[in-house]
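Chains as they are written, first to last, in the numbering used here: chain A, 45 to 402; chain B, 45 to 402.
It cannot be assumed that every hint is accurate.
Each pair may be met inside one copy or between any two copies, as identical chains are not told apart.
Stated by the list, open to error - Only pairs whose alpha carbons sit at most 27 Å apart, straight line, appear in this in silico DSSO-like list of lysine-lysine:
1) Lys339 to Lys223
2) Lys221 to Lys356
3) Lys339 to Lys356
4) Lys339 to Lys391
5) Lys356 to Lys165
6) Lys301 to Lys356
7) Lys301 to Lys165
8) Lys115 to Lys223
Derived by calculation from the structure, the hints in this document are not laboratory data.
2 protein chains.
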Amino acid sequence: MPNPHHYGLILAGGRGTRFWPRSRRRSAKQVLNVLGSRSLIQGTVERLRAVIPPERLWVLTNGYLRDEIVKQLPEIPARQIMAEPAQRNTAPAIGLAAHILQSIDPDAVMGIFPADHVIAKEARYRQLVRSAFRAAESGRIVVLGIPPRWPETGYGYIEFARGTAPGAQAIPIRRFKEKPDARTARRYVAHGRFYWNAGMFFGRARVLLGELRRNLPRTASLLAALPVFDDDEFGAALGQAFPRCENISIDYAVMEKASGVAGIACPEIGWNDVGSWNAVYELLPRDRDGNVLPKEAISQAAGGNYVDAAGKMVALLGVSNLIVIDTPDALLVASRESAQQVGDLVKMLEARHRDDLL
Amino acid sequence: MPNPHHYGLILAGGRGTRFWPRSRRRSAKQVLNVLGSRSLIQGTVERLRAVIPPERLWVLTNGYLRDEIVKQLPEIPARQIMAEPAQRNTAPAIGLAAHILQSIDPDAVMGIFPADHVIAKEARYRQLVRSAFRAAESGRIVVLGIPPRWPETGYGYIEFARGTAPGAQAIPIRRFKEKPDARTARRYVAHGRFYWNAGMFFGRARVLLGELRRNLPRTASLLAALPVFDDDEFGAALGQAFPRCENISIDYAVMEKASGVAGIACPEIGWNDVGSWNAVYELLPRDRDGNVLPKEAISQAAGGNYVDAAGKMVALLGVSNLIVIDTPDALLVASRESAQQVGDLVKMLEARHRDDLL
Chain A
45 MPNPHHYGLI
55 LAGGRGTRFW
65 PRSRRRSAKQ
75 VLNVLGSRSL
85 IQGTVERLRA
95 VIPPERLWVL
105 TNGYLRDEIV
115 KQLPEIPARQ
125 IMAEPAQRNT
135 APAIGLAAHI
145 LQSIDPDAVM
155 GIFPADHVIA
165 KEARYRQLVR
175 SAFRAAESGR
185 IVVLGIPPRW
195 PETGYGYIEF
205 ARGTAPGAQA
215 IPIRRFKEKP
225 DARTARRYVA
235 HGRFYWNAGM
245 FFGRARVLLG
255 ELRRNLPRTA
265 SLLAALPVFD
275 DDEFGAALGQ
285 AFPRCENISI
295 DYAVMEKASG
305 VAGIACPEIG
315 WNDVGSWNAV
325 YELLPRDRDG
335 NVLPKEAISQ
345 AAGGNYVDAA
355 GKMVALLGVS
365 NLIVIDTPDA
375 LLVASRESAQ
385 QVGDLVKMLE
395 ARHRDDLL
Chain B
45 MPNPHHYGLI
55 LAGGRGTRFW
65 PRSRRRSAKQ
75 VLNVLGSRSL
85 IQGTVERLRA
95 VIPPERLWVL
105 TNGYLRDEIV
115 KQLPEIPARQ
125 IMAEPAQRNT
135 APAIGLAAHI
145 LQSIDPDAVM
155 GIFPADHVIA
165 KEARYRQLVR
175 SAFRAAESGR
185 IVVLGIPPRW
195 PETGYGYIEF
205 ARGTAPGAQA
215 IPIRRFKEKP
225 DARTARRYVA
235 HGRFYWNAGM
245 FFGRARVLLG
255 ELRRNLPRTA
265 SLLAALPVFD
275 DDEFGAALGQ
285 AFPRCENISI
295 DYAVMEKASG
305 VAGIACPEIG
315 WNDVGSWNAV
325 YELLPRDRDG
335 NVLPKEAISQ
345 AAGGNYVDAA
355 GKMVALLGVS
365 NLIVIDTPDA
375 LLVASRESAQ
385 QVGDLVKMLE
395 ARHRDDLL
């Protein structure tokens, strides 16, 4: 049986511009079904169901996405799916959720989950989540560490206090490391004590609020002054207070400074942050030429391509390692190796004030 | 003043499958405006206007395209735009036109023109057409030879009886040469006496009919038995006779065997048969990265690409030398160097009975 004091906070405020042209302000990565029949946020909820039932899940997102998320997640009470009044990164969002949960349940323990990752080995993952919750009950903040599979420079790392083999035990963290340069990343991976920080944290609401008071006092006091969640004035008060909170991530604001942070060095759970169209390509089944194509597509001398063009005949001829994303109003053609730069195109559209395409 | 006995026959029965997905049975290459504001067949008519006014132009096409051509060429009397009852290559088509013109004007001299080529230097071209008509009045068949710019293996060649510099004089042809292999093509180009056969012929209707009787007697007698063009029975009789004609090109059936064929070795007239999307790319103005893109497209680290995607934002990232053709129901992504093989994709669609895309 799930523990009734365990709550989940799903952080769903990102824009996911690397998934343009399918991702737009109102259809960001987390609500897209890039990998199959359900969206990434629906997958996140399903994956957690046996540990945290939907009625104890909370979602923080932005005003563009809230309606879509409410539609996609009918089992979560709509009032628990909240639009942040301003984009303020993760620290104020987590503080807000901790504030609300603490007022609802003084024994609340929170798990914090990105909305838009995938995890292939769900049963094993749930065991780790249960272990992390248990470890957090003792008053520690607990983070999940993903064994690094390559020297990624796009992720933060966590350094365990001692060399450790993967397992379900929470052991002390020495330090949080921001995104490293390539040389440092290679050293981390060779070292054995460094794990990827996948942005999954666990802690008592009370403990998180205490860390916030210590490290981010302005945000903490703004949140502490809010009326109770049920109050009619709550929404208006939040709209006043939230934009005045610091715009900072929980990693910078709290985790790097908190004492008594522990981590679980996860065994392989098939974690993927689905960071680009190329990640989608790598996660999907391919044909014998290494293509991921719509049904009925035709191709000749073409390999390693990913094409998303719903309802249209796609024909490839003599091309390789391309990403092609076709939508009614925009068409992206990129090399797979430049998939990380798709956000640059979105910046160009912003510079041209093409709000119709954002 | 144009000579009132000079007539034009525009051959517009081709499918142009290399322009899929924009070319379809009802919108083949000749009626597309791949190069600007007018279609290729409209360009052909405009180019000839000062030599052959539209009222003396005839068009032979197929049943799929006739209505569109009638719409595009309102100045040509609709009855002169005829759908061949069956696809029988160029010899029966030219024979049919010669038969009709001979009955209308016993002094008719015909110029025969493909519908779907472009010629940049139109004034110079018209001078050559006038010269060819004059030379044909003496009873010869006259062909225009295009100075070869590279050892093309996709064209036929004409060999002049003697070395010749380009000019407006008709001089004897020794032989018609079918599409050569690469080695032979290189020899032709080095030789100086070989010119590309661009499919433009001139001759008295009477002379062409005589050659047809000699070289293709079945077709000649089937056509000779037709009622006069004005007769109500003409259409039905043609529907019976035409499918029984030989399916053969004028080159094979007549030109290779005819005596007294002369040619004009054209100076450079900017002729292009617009044989593929790559030819379109090469004919259009490019941006500084060598791209031909729709207005407002955005690109980064992309060069040498041709994109046709009307009304849609196009974004290119890290890709080069691609052909991308987007239509409401089909999307082609090809390398420029494989543009000649686009017809292979059309064959795949035929094999799958995808008539909706043909």
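Verification of the supplied hints:
Taking identical chains as interchangeable, the C-alpha atoms of Lys339 and Lys223 are never at most 27 Å apart, the minima being 39 Å within one chain and 39 Å between chains. Taking identical chains as interchangeable, the C-alpha atoms of Lys221 and Lys356 are never at most 27 Å apart, the minima being 45 Å within one chain and 43 Å between chains. For a Cα distance limit of 27 Å, the shortest separation of Lys339 from Lys356 qualifies both inside one copy, at 9 Å, and across copies, at 23 Å. With identical chains, the CA atoms of Lys339 and Lys391 are at most 27 Å apart between copies only, with a shortest distance of 18 Å across copies and 32 Å within one.
For the identical chains of this complex, Lys356 and Lys165 are neighbours neither inside a copy (34 Å) nor across copies (40 Å), given an alpha-carbon limit of 27 Å. For the homomeric pair Lys301 and Lys356, neither the shortest alpha-carbon distance inside one copy (52 Å) nor that between copies (49 Å) is at most 27 Å. For the identical chains of this complex, Lys301 and Lys165 are neighbours neither inside a copy (32 Å) nor across copies (76 Å), given an alpha-carbon limit of 27 Å. Taking the shortest Cα distances, Lys115 and Lys223 never come within 27 Å of each other, neither inside one copy (35 Å) nor across copies (63 Å).
Hint compliance for this structure: hints 1, 2, 5, 6, 7, 8 are not met, and every other hint is.
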